[in-house]
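Participant: Generate the whole structure from the sequences, applying the supplied hints.
Residue numbers (the working numbering), protein chains in the order written: chain A, 26 to 339; chain E, 185 to 427; chain B, 756 to 985.
FYI, nobody ran anything at the bench for these hints, they're computed from the structure. From a predicted model like this one, the values you see are computed outputs, not experimental measurements. All C-beta atoms, glycine included, are put in the ideal place defined by N, C-alpha and C. Keep in mind that the hints are not guaranteed to be accurate.
To be verified - Using C-beta positions, here's what the derived DEER-type ranges look like:
#1 B:T782 with A:K174: 44 to 54 angstroms
#2 E:I297 with A:Q289: 55 to 65 angstroms
#3 E:A244 with A:E250: 37 to 47 angstroms
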Amino acid sequence: MGRGLKQMRMKCLRLVGLALAATLCVAHAEAEELTGTLKKIKETGVINIGYRDSSIPFSYLDDNQKPIGFAIDICLKIVEAVKKELKLDKLTTEFNPVTSSGRIPLLANGTIDLECGSTTNNPDRLKQVAFTNTHFLTATRFISKKSSKLNSIDDLKGKSVASTSGTTNIKQLTEANAARNLGINIIPAKEHAESFLLVETDRAVAAVLDDILLASFAAGSKDPEAYVISTDAFSKPEPYGIMLRKDDPAFKKVADEATAALYQSAEGQKLYEKWFMQKIPPKGLNLNVPIGAELKKAFAKPSDSPDPDSYKAM
Amino acid sequence: MNYHWNWYIFFEPSPSGTGTYLDMLLSGLKVTIVTALAAWLIALVTGATVGVLRTLPSKAASWFGFCYVEFFRNMPLLVQLFLWFFVLPEVVPASWGLWLKQLPNAPFYTAAIGTGLFMSARVAEQTRAGINSLPRGQKLAATALGLRTTQIYRYVLLPIAFRIILPPLTSEFLSTIKNTSVALTIGLIELTAQARAMQEFSFQVFEAFTAATVLYLLINIVVVIAMRFVERGVAIPGYISGK
Amino acid sequence: MFSNFDFDVIRRSLGYLFFDGMTFTLTLTSLATLGGIVFGTLIAMMRLSGLWLLSRIAGLYVDLMRSLPLVLVIFWFYFLVPYIGQWLTGSSRPVRVGAFASSLITFTLFEAAYFAEIMRAGIQSISKGQPAAASALGLTYGQTMRYVVLPQAFRNMLPVLLTQTIVLFQDTSLVYVLSIPDFLGAASKVAQRDGRLVEMYLFAAIVYFLVSSIASFGVRRLQARIAFVH
Numbered sequence: 026m027g028r029g030l031k032q033m034r035m036k037c038l039r040l041v042g043l044a045l046a047a048t049l050c051v052a053h054a055e056a057e058e059l060t061g062t063l064k065k066i067k068e069t070g071v072i073n074i075g076y077r078d079s080s081i082p083f084s085y086l087d088d089n090q091k092p093i094g095f096a097i098d099i100c101l102k103i104v105e106a107v108k109k110e111l112k113l114d115k116l117t118t119e120f121n122p123v124t125s126s127g128r129i130p131l132l133a134n135g136t137i138d139l140e141c142g143s144t145t146n147n148p149d150r151l152k153q154v155a156f157t158n159t160h161f162l163t164a165t166r167f168i169s170k171k172s173s174k175l176n177s178i179d180d181l182k183g184k185s186v187a188s189t190s191g192t193t194n195i196k197q198l199t200e201a202n203a204a205r206n207l208g209i210n211i212i213p214a215k216e217h218a219e220s221f222l223l224v225e226t227d228r229a230v231a232a233v234l235d236d237i238l239l240a241s242f243a244a245g246s247k248d249p250e251a252y253v254i255s256t257d258a259f260s261k262p263e264p265y266g267i268m269l270r271k272d273d274p275a276f277k278k279v280a281d282e283a284t285a286a287l288y289q290s291a292e293g294q295k296l297y298e299k300w301f302m303q304k305i306p307p308k309g310l311n312l313n314v315p316i317g318a319e320l321k322k323a324f325a326k327p328s329d330s331p332d333p334d335s336y337k338a339m
Numbered sequence: 185m186n187y188h189w190n191w192y193i194f195f196e197p198s199p200s201g202t203g204t205y206l207d208m209l210l211s212g213l214k215v216t217i218v219t220a221l222a223a224w225l226i227a228l229v230t231g232a233t234v235g236v237l238r239t240l241p242s243k244a245a246s247w248f249g250f251c252y253v254e255f256f257r258n259m260p261l262l263v264q265l266f267l268w269f270f271v272l273p274e275v276v277p278a279s280w281g282l283w284l285k286q287l288p289n290a291p292f293y294t295a296a297i298g299t300g301l302f303m304s305a306r307v308a309e310q311t312r313a314g315i316n317s318l319p320r321g322q323k324l325a326a327t328a329l330g331l332r333t334t335q336i337y338r339y340v341l342l343p344i345a346f347r348i349i350l351p352p353l354t355s356e357f358l359s360t361i362k363n364t365s366v367a368l369t370i371g372l373i374e375l376t377a378q379a380r381a382m383q384e385f386s387f388q389v390f391e392a393f394t395a396a397t398v399l400y401l402l403i404n405i406v407v408v409i410a411m412r413f414v415e416r417g418v419a420i421p422g423y424i425s426g427k
Numbered sequence: 756m757f758s759n760f761d762f763d764v765i766r767r768s769l770g771y772l773f774f775d776g777m778t779f780t781l782t783l784t785s786l787a788t789l790g791g792i793v794f795g796t797l798i799a800m801m802r803l804s805g806l807w808l809l810s811r812i813a814g815l816y817v818d819l820m821r822s823l824p825l826v827l828v829i830f831w832f833y834f835l836v837p838y839i840g841q842w843l844t845g846s847s848r849p850v851r852v853g854a855f856a857s858s859l860i861t862f863t864l865f866e867a868a869y870f871a872e873i874m875r876a877g878i879q880s881i882s883k884g885q886p887a888a889a890s891a892l893g894l895t896y897g898q899t900m901r902y903v904v905l906p907q908a909f910r911n912m913l914p915v916l917l918t919q920t921i922v923l924f925q926d927t928s929l930v931y932v933l934s935i936p937d938f939l940g941a942a943s944k945v946a947q948r949d950g951r952l953v954e955m956y957l958f959a960a961i962v963y964f965l966v967s968s969i970a971s972f973g974v975r976r977l978q979a980r981i982a983f984v985h
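Facilitator: Spelled out as structure tokens, the structure:
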């Protein structure tokens, strides 16, 4: 009887010990708290996406003033991944308009959690924000009317040139203007559509923007044949990335994994074709930009590097 | 999500290659002051004229003055600037429109004229109030002396009226200075626009805006003190006690 | 944009312009007016109170807001309010403030300075006999303000307060600088998307003009009627 009791006591103690260990394990798992953006999303049940007015086809407004685009679709995939990661039943996605000049401060002050547009990933910006895997590569060029006969950057000497404030484009234009002593009158516009409009209405002879955006504007304009995009570029092809807050590794991990999975899958290819090789709203325009060799490589091996040289095709 | 302060940013070179960020802001300040002065000149001249028109016995003049003031007062300044800058070149003959658009300092002229006309409505109202606040006897005595209407205004009414409305005119001038900031929407690179550009290039939001705030406060103080001297200088002893 | 204007673009975008744009503008105007008058009255009372410190703080606030361009204040608040929210609530991250909330806070606080000056003039215009009689009747400072002084001040300054509201209505167009979709912003978006600057801006100008003119006319009529009362 004594032995039996002792055995039972041992069993009990063992069970208690196991229970305690189990509790500690569970407690430890819960103690791995959420930080940063994931914590904010879990607490509020809302994720805020920043979209652009006129970065066709990455992020722009359709006829019903709703944000659509290549980058928006990528962000929605990230939202799905976040929802799965946080095991939420309901995750509301709210869309906030941002401009080139406001996107970084609005990301920093928490108004948006993800900036989904046509933002260039470069070392300067990495001091303030973080980027997830690259979704496009584009160089800075200028568009002008064929009748102006402007071929190279030096042809812009002494003229009025538009660009959007807060972009790498206007910064590169400003620096080129100073370095080459071109005396260009730089007209800053609030949004990309405005920059192009300045050329369309002859207030500026050229607009300096990422070449893919220029191609979209020209194609969607009233007279696409009247415009020409320069072959002369202000920069090498630079990567676009979805912006997130800095020092938030957990959220970045979710975003990186979601985008990598998307780019490497067939769904990613289909998504690219949807926005670049097929008719897009609101006017049914087909940009007809086949996927370049460098971008193909960047999709096969997703990278968030800010260095343009790392994307060179082999 | 912490903000990185960097007050030395003002001494770092700006990407436009023309100096430091502080130089950028000061050039914006210069544009603000020049635009404000140009606009104020336009506002004073047109506003005073319209104000006088409103006090004339002629019904037509009075009605014109009323319509003028209502037109410029009931539209936001921003909308007026857009009308001058975007709409005007499109509704005039094509060659004029093109010339307007290609003018090298189009934002400056548009801002000066647009803001000037906007403020002229308020100057007109102040002038009218000033003239109307004079004792009726002044005008009657002047007429009795045989002065013509233009002479009455020039020698009797306006000198006193302007001294009366000098304080409200000061605050209208300060308003003009503040209103030049609205012109950043049509591409005038004034102080607020430069602060924004500084923020965009350097990412130092709060330093840039603090500097702009300080500069605006400085302008305010300078103008208020300067106007106090002007008031004292033109005050007629014993007539209107200087403030 | 070309010599053949397409005014049909206005008709097609009326829904968006008025349901999204104008509602934003009107909601912002009315809420900011209410908040501005309440806050402005408080500041006016602070300024007129006997306490030197309160008076100075209120004075500095009014001077500061009246020296700065509204555009600059709009930028300040849009970027700054989340950090202030963080500091006030002691949270670990900036409090998320949307475009409307940020605009509302900006306009309430900015216009409060102007409303404060109006209410201060109103309170000072009440003859000293009123508060004297009130205190003779045994009313406290709070009761005096609430039942005797403020109602009269408010009624006297009503036309000026309404005029300032019309100014506020026009000032809301400045949220354009942040691409916030108020009425002008909405018109602008349509204008740039369809390349119809002339039509949209003319339309926006006419709408603002009509609303402001009718409101000013109403205020003038009100002024004429009130003038008879005392």
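Participant: If a hint holds in the structure, say so; if it doesn't, say that too.
Facilitator: Against the structure, the hints:
{"no.": "1", "hint": "B:T782 with A:K174: 44 to 54 angstroms", "result": "holds, 51 angstroms"}
{"no.": "2", "hint": "E:I297 with A:Q289: 55 to 65 angstroms", "result": "holds, 58 angstroms"}
{"no.": "3", "hint": "E:A244 with A:E250: 37 to 47 angstroms", "result": "violated, 54 angstroms"}
Of the hints listed earlier, the one the structure fails to meet is number 3.
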